[in-house]
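Protein chains: 4
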Amino acid sequence: MDRQEVMERIAALSDRSFRAVENTVRALEQMKENRYPFLGNFLNVEKEESADPDVFVCSMPIVPEVLNPYRIVYGGVTATLHDMAMGWMLEHRFEPGSKFVTIDMQVNYHNPGKGKRLKAEARLVHQARELLQVACEIRGDQGELVSTSSATFLQLVRKESV
Amino acid sequence: MDRQEVMERIAALSDRSFRAVENTVRALEQMKENRYPFLGNFLNVEKEESADPDVFVCSMPIVPEVLNPYRIVYGGVTATLHDMAMGWMLEHRFEPGSKFVTIDMQVNYHNPGKGKRLKAEARLVHQARELLQVACEIRGDQGELVSTSSATFLQLVRKESV
Amino acid sequence: MDRQEVMERIAALSDRSFRAVENTVRALEQMKENRYPFLGNFLNVEKEESADPDVFVCSMPIVPEVLNPYRIVYGGVTATLHDMAMGWMLEHRFEPGSKFVTIDMQVNYHNPGKGKRLKAEARLVHQARELLQVACEIRGDQGELVSTSSATFLQLVRKESV
Amino acid sequence: MDRQEVMERIAALSDRSFRAVENTVRALEQMKENRYPFLGNFLNVEKEESADPDVFVCSMPIVPEVLNPYRIVYGGVTATLHDMAMGWMLEHRFEPGSKFVTIDMQVNYHNPGKGKRLKAEARLVHQARELLQVACEIRGDQGELVSTSSATFLQLVRKESV
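Protein chains in written order, with the UniProt record's numbering: chain V, 1 to 162; chain G, 1 to 162; chain P, 1 to 162; chain H, 1 to 162.
Identical copies go unnamed one by one, so any copy, or any two together, can satisfy a pair.
Capping the alpha-carbon separation at 27 angstroms, the derived lysine-lysine pairs in DSSO-like fashion look like this: (1) K114 with K99; (2) K99 with K47; (3) K119 with K32; (4) K116 with K99.
Keep in mind that the hints were calculated from the coordinates and are not lab data.
With the hints as extra help, turn the sequences into a complete structure.
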């Protein structure tokens with residue numbers, strides 16, 4: 001399909017659908033600046049100030065694109081926010097260039113994700129050499145607990161891959 | 001920002017970035033037809049034939065938008081595919097209109113998600129009244145095991161909400 | 001084998017082995033008083049004072065019988081303490097006669113379980129009708145974090161069984 | 001308390017309680033022969049023949065000592081059997097002297113553990129260098145699925161400790 005045809009389809013979109021396209025464009029442009037991959041930019045996950053140096057805080061807006069059929073945030077999106085917050089926390093905590101892969105992640109869902117934003121607070125629970133045991137809490141606008149998680153990450157050292 | 005300005009930014013995108021916008025447009029248009037929410041359409045998750053009636057199979061293409069900084073599929077995207085495959089399996093298995101929410105999900109990551117597609121196979125492990133215990137396996141192009149998960153879903157009955 | 005023969009074998013045990021038998025006898029006698037089942041009595045799990053009414057605290061001594069081949073507490077024993085602490089917390093929190101079954105439990109192991117005692121702190125994270133989402137932390141003598149867990153319990157209502 | 005007094009209390013036990021003491025004595029004596037720690041011997045976990053070389057099978061009898069207040073096997077005992085089966089599988093699979101510690105374990109409970117025996121089938125799902133991702137299924141007398149688990153173990157190499 002040529003670009004012209006796609007442009008015409010975009011022009012025909014409703015305002016609400018158009019905003020989803022605009023969000024995609026914004027994410028693509030931001031990638032060039034912040035070097036983060038697409039998904040984090042698409043979800044618009046942003047680092048926030050943290051009163052506790054041991055807790056890494058980030059948040060994302062709840063846009064229509066992340067809702068499931070029941071109009072609450074998709075469990076997969078919540079899991080993605082957990083994974084991003086914990087991985088980002090590790091990257092901030094360890095020396096630049098450190099790489100981490102998720103070995104396993106357990107996500108518990110409590111209250112429905114709804115309202116304006118989701119806020120994630122991630123912290124390192126324990127480190128055993130290259131194994132990082134991490135936990136994260138996600139809360140909604142009113143401070144209500146939306147989801148908790150725990151995960152095990154592996155720090156990649158030297159040229160090893162998993 | 002007005003639509004005209006966004007259209008100009010889209011026109012200025014590289015071909016690769018433009019394809020991500022086109023994917024968004026396709027997802028938005030498909031939503032109107034299949035009534036599925038945005039994210040499943042954006043990830044292009046499609047039902048596949050299953051040789052085993054007890055196993056629900058679906059798959060998604062690996063596009064640049066789902067890759068993490070190490071060029072493998074984001075753990076959050078893999079978790080999203082698990083969650084969607086398991087939820088979709090339940091919707092097919094139970095009577096139309098049944099609703100299910102994820103209570104908890106455990107995801108184990110094995111081999112990196114790379115190649116052309118990820119294929120998910122979900123099945124019901126056990127049902128205890130409204131509690132559904134479910135498992136899912138995700139494999140890559142060569143059949144290599146990318147990720148396994150187990151989850152507990154709650155079937156919503158009558159007008160109850162969780 | 002008749003009781004007399006068993007008595008002779010007991011009499012022949014070393015002092016250390018004899019203490020394990022004595023522990024079994026103590027557990028069997030305590031069962032008659034506290035009506036708790038054998039395992040909790042054998043592990044000698046005891047309720048402790050808690051400064052926070054939302055946190056249920058109990059502890060158990062580390063005896064040779066709970067050690068694995070590396071001389072640290074068996075992962076299964078730690079998991080048992082998690083399960084008992086969370087279940088006991090629920091029984092204290094809800095009305096007498098309430099029954100709870102474990103649906104799933106995730107246990108993370110951090111520092112080795114060693115020293116004199118393990119102390120478990122369990123709390124209710126969220127309740128969605130009959131579903132109880134619970135968490136527990138186990139610490140050693142020096143306050144070091146030995147293990148954390150999260151679990152989902154189902155409250156049995158009326159004459160239902162799972 | 002001196003040994004004589006304990007012997008008198010043992011002599012006063014009911015036959016059922018006496019059998020629990022006899023089980024303890026048997027476990028203590030077996031420890032001397034098989035060098036396994038107490039708990040596995042107390043639970044009487046035994047290796048079984050496996051038709052599949054990739055699946056390690058073991059089983060344990062359901063005795064009164066492992067029942068919870070609802071007369072089904074304690075969730076903690078089931079978790080212990082999972083942990084033992086998976087650890088034992090790894091010890092059989094790797095070279096003698098290899099040591100493994102549990103990093104995390106997720107246990108799902110399906111049908112109640114009751115009847116005569118529980119049978120566990122453990123297998124290696126994936127190995128990423130020293131990280132072992134393992135799964136286990138526990139079934140009852142009729143083949144009914146009692147519990148499933150997945151776990152991550154770390155192989156200890158050289159003189160390292162976790």
